[in-house]
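Engineer: Listed in order, the protein sequences are those of chains A and B.
Last residue of the first sequence: 181 (our numbering), numbering continuous.
Last residue of the second sequence: 568 (our numbering), numbering continuous.
Any given hint could be a false lead.
Said to hold, decoys possible - Some, not all, of what chain A presents toward chain B, calculated at C-beta under 10 Å:
id : residue
1  : 22
2  : 30
3  : 31
4  : 34
5  : 35
6  : 36
7  : 61
8  : 64
9  : 66
10 : 99
11 : 102
12 : 104
13 : 105
14 : 141
15 : 142
16 : 163
To be verified - With a Cα cut of at most 30 Å, we get these calculated DSSO-like pairs of lysine-lysine:
id : chain 1 : residue 1 : chain 2 : residue 2
17 : B       : 486       : A       : 69
18 : B       : 372       : A       : 34
19 : A       : 69        : B       : 372
20 : B       : 392       : B       : 380
21 : B       : 479       : A       : 83
For the record, the hints were derived by calculation from the structure and aren't laboratory data.
Small disclaimer: the values here were computed from a predicted structure and weren't measured.
Note that CB positions come from ideal geometry on N, CA and C, so glycine has one too.
Residues per chain are reported as follows:
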Amino acid sequence: MSSQNYEILLSGTGGQGLILAGQILAEAVIRDGKNAVQTQSYGPEARGGASRAEVIISDGEIDYPLVTKPNVLLAMSKPALQKFIGMLGENSILMVDSTYIDEIPATTARIYQIPCSKIAREIGKEMVANVVALGALAAATGVVTKDSLIEALMSRIPRGTEALNQKALDMGWNSASQPAA
Amino acid sequence: MTDIIPFARLMQGNEAIAEGALAAGARFFAGYPITPSTEIAEILAKKLPLVGGKFIQMEDELSSMAAVIGASLTGSKSMTATSGPGFSLKQENLGFAVLTEVPCVVVNVQRFGASTGIPTATAQGDIMQARWGTHGDHPMIALCPSSVQESFTLTIQAFNLSERFRTPVILLSEEITGHSRERVILPDPSKIEIINRKKPAAGIEKYLPYKPDADGIPPMANFGEGYRYHVTGLTHDQSGSPTTDAEKASFLTNRLHDKIMDHLDEITMTESFMTEDADVIVIAYGAVARAAKGAVRKARDMGIKAGLFRPITIWPFPAKETASMCAQAGSIIVPELNLGQLIGEVEKVAGKENRIIGINRVTGGMIRPDEILDAIKSEVRVKKHAK
Numbered sequence: 001m002s003s004q005n006y007e008i009l010l011s012g013t014g015g016q017g018l019i020l021a022g023q024i025l026a027e028a029v030i031r032d033g034k035n036a037v038q039t040q041s042y043g044p045e046a047r048g049g050a051s052r053a054e055v056i057i058s059d060g061e062i063d064y065p066l067v068t069k070p071n072v073l074l075a076m077s078k079p080a081l082q083k084f085i086g087m088l089g090e091n092s093i094l095m096v097d098s099t100y101i102d103e104i105p106a107t108t109a110r111i112y113q114i115p116c117s118k119i120a121r122e123i124g125k126e127m128v129a130n131v132v133a134l135g136a137l138a139a140a141t142g143v144v145t146k147d148s149l150i151e152a153l154m155s156r157i158p159r160g161t162e163a164l165n166q167k168a169l170d171m172g173w174n175s176a177s178q179p180a181a
Numbered sequence: 182m183t184d185i186i187p188f189a190r191l192m193q194g195n196e197a198i199a200e201g202a203l204a205a206g207a208r209f210f211a212g213y214p215i216t217p218s219t220e221i222a223e224i225l226a227k228k229l230p231l232v233g234g235k236f237i238q239m240e241d242e243l244s245s246m247a248a249v250i251g252a253s254l255t256g257s258k259s260m261t262a263t264s265g266p267g268f269s270l271k272q273e274n275l276g277f278a279v280l281t282e283v284p285c286v287v288v289n290v291q292r293f294g295a296s297t298g299i300p301t302a303t304a305q306g307d308i309m310q311a312r313w314g315t316h317g318d319h320p321m322i323a324l325c326p327s328s329v330q331e332s333f334t335l336t337i338q339a340f341n342l343s344e345r346f347r348t349p350v351i352l353l354s355e356e357i358t359g360h361s362r363e364r365v366i367l368p369d370p371s372k373i374e375i376i377n378r379k380k381p382a383a384g385i386e387k388y389l390p391y392k393p394d395a396d397g398i399p400p401m402a403n404f405g406e407g408y409r410y411h412v413t414g415l416t417h418d419q420s421g422s423p424t425t426d427a428e429k430a431s432f433l434t435n436r437l438h439d440k441i442m443d444h445l446d447e448i449t450m451t452e453s454f455m456t457e458d459a460d461v462i463v464i465a466y467g468a469v470a471r472a473a474k475g476a477v478r479k480a481r482d483m484g485i486k487a488g489l490f491r492p493i494t495i496w497p498f499p500a501k502e503t504a505s506m507c508a509q510a511g512s513i514i515v516p517e518l519n520l521g522q523l524i525g526e527v528e529k530v531a532g533k534e535n536r537i538i539g540i541n542r543v544t545g546g547m548i549r550p551d552e553i554l555d556a557i558k559s560e561v562r563v564k565k566h567a568k
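Excised from the complex, chain A in its bound form:
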């Protein structure tokens, strides 16, 4: 019989690094010995436009590779939040980048408001906002071990950016230790 899937939807704007974040997360899950599928949806443009990555985690075989009812939604832009919040079911987690999102529609989800982009800017580069979000998401959900996440992160970033990325991951991880609301 089908084993329970854990579904994560990472959404925002093209250029925010959501697809890379999804890849890192999926790789970390596999390093933990579980199964994962990562898919993506994006437009023809390199920056701007809607972008999303989906990660499904399971102990068994994963049939359908797309998210149908996310356990976790990360929204890094207002349009992404509007578009996907309705998909969240019971006992889900909503994480928003509060740098860009100040209003959250009514939801039963547990909410984390993390200023990912602001934190990233403060430690050096807004480009690592995805890594801040990834750290926060991992801490909030417990879906991966921090060790695997760091290993996966280090294997997929440009050389010379290790310290910045490690810091971004730690800041994110610490920011989500307790729900903000």
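Chain A is already provided as a structure; the job is to place chain B on it using the hints.
Structural biologist: Just chain B, lined up with the frame of chain A:
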């Protein structure tokens, strides 16, 4: 290379095709990049030179296909990768490769729509084009992976079949599988079965390039090894010279057909999941089969006897196996990301009492498991009313 321990890793579907090609012994790639197949060219551009192979980005798809044929005639296992618009352009030379019996692999990572469509959206719109895209009576082998792992194994299989039967083989992937990343375990390279083309036993003087062995397949000499022969798209005799002789034309056309159809046991691959006692069977291929499998599992959880039959070899269509599915189940559901292409093949072999229902989606998105489950449930209702 034998001490490599297989390990689980995250891999993209297109990457798995490139790795599969290298594992199969591919040493030549010519192509013209196109979304959503570009990663295959990108990876092979980097990796082929490292194993003594060649990568050429040609000026267009027509010349890419021509270069692949030329390279294969010299003995290199050759491939190209493209998507719908480029696949259209390759059809003429694809037919040339069929008639001249040049082994090669053509990957089509299908994208949405006729013409240039939606480059980043998924579809299964090229099923019939794979079969009949090039003109004239001709055989065709096409394989449909539904996961990243299978993208790897079927690429190897595509090369093996092309070498075994001296014919182009099409690997029909889809945007969603090409761009998905998932857990794969690559086998130990020493454990992978590799098939190479049959070389001529007779001396150079006696070589007839199109004289078949008993299995219908002529041994193939590589250019550059001293053999001189004529390779033409014109109907030819056993020496390779053009002919208009009725008997010879008929012999060639039938032989090309028979060399594939007489060996279906080596070519046909299918998956049956919970079909043994099924009243409703979903026939699905590629990525859609994964949605169908999810639906079948849910239906079973609800006590409904549903099953999945998945053609992995899509051409030649597994007619015999499909017919036995139709004999088993009253209702057959065929979900496809097109307006109904493979369903026609199912209808050809179905019995009069079968109900054949298509689920067709042309949005650039997927068919969800619950949509297929709904169709399964409504078939169960139809049956109850009938009783």
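Engineer: Each hint needs a verdict: does it hold in this structure or not?
Structural biologist: Here's how the hints hold up against the structure:
Hint status for residue 22 of chain A relative to chain B: holds, with the closest Cβ pair at about 8 Å, below 10 Å. The interface hint given for residue 30 of chain A is met, as the beta carbon of that residue sits about 5 Å from the closest beta carbon of chain B, less than 10 Å. Against a cut-off of 10 Å between C-beta atoms, the interface hint on residue 31 of chain A holds, since the closest Cβ of chain B lies about 9 Å away. For residue 34 of chain A, the interface hint holds, the least distance from its beta-carbon to any beta-carbon of chain B being 8 Å, beneath 10 Å.
This hint holds: residue 35 of chain A has a C-beta 5 Å from the nearest C-beta of chain B, less than the 10 Å allowed. For residue 36 of chain A, the shortest C-beta to C-beta distance to chain B is roughly 6 Å, which falls under 10 Å, so the interface hint holds. For residue 61 of chain A, the interface hint holds, the least distance from its beta-carbon to any beta-carbon of chain B being 8 Å, beneath 10 Å. Nearest Cβ of chain B to the Cβ of residue 64 of chain A: about 4 Å, under the 10 Å cut. The hint holds.
Interface restraint check: residue 66 of chain A against chain B, minimum CB-CB distance 6 Å, threshold 10 Å, status holds. Checking residue 99 of chain A against chain B: minimum C-beta separation of about 27 Å lies over 10 Å; hint violated. Interface restraint check for residue 102 of chain A: the shortest CB-CB distance to chain B comes to about 31 Å, outside 10 Å, so the restraint is violated. The restraint placing residue 104 of chain A at the interface with chain B is violated, with a minimum CB-CB distance near 27 Å, outside the 10 Å limit.
For residue 105 of chain A, the interface hint is violated, since its Cβ never comes within 10 Å of a Cβ in chain B; the closest pair sits about 24 Å apart. Violation of the interface hint for residue 141 of chain A is found here, the shortest Cβ-Cβ separation to chain B being roughly 19 Å, above the 10 Å cut-off. Hint status for residue 142 of chain A: violated, given a least beta-carbon distance of 20 Å to chain B, over 10 Å. With a least beta-carbon distance of about 24 Å to chain B, the hint placing residue 163 of chain A at the interface is violated under the 10 Å criterion.
Annotation: proposed proximity of residue 486 of chain B to residue 69 of chain A holds, straight-line Cα distance about 25 Å (limit 30 Å). Taking the CA atoms of residue 372 of chain B and residue 34 of chain A, the gap is about 25 Å. The hint holds against a cut of 30 Å. Taking the CA atoms of residue 69 of chain A and residue 372 of chain B, the gap is near 40 Å; set against the 30 Å cutoff, the hint is violated. Proximity of residue 392 of chain B to residue 380 of chain B is assessed by CA-CA distance (about 12 Å); at most 30 Å being required, the pair is judged to hold.
Simply put, residue 479 of chain B and residue 83 of chain A have alpha-carbon atoms about 27 Å apart, close enough for the 30 Å limit, and the pair holds.
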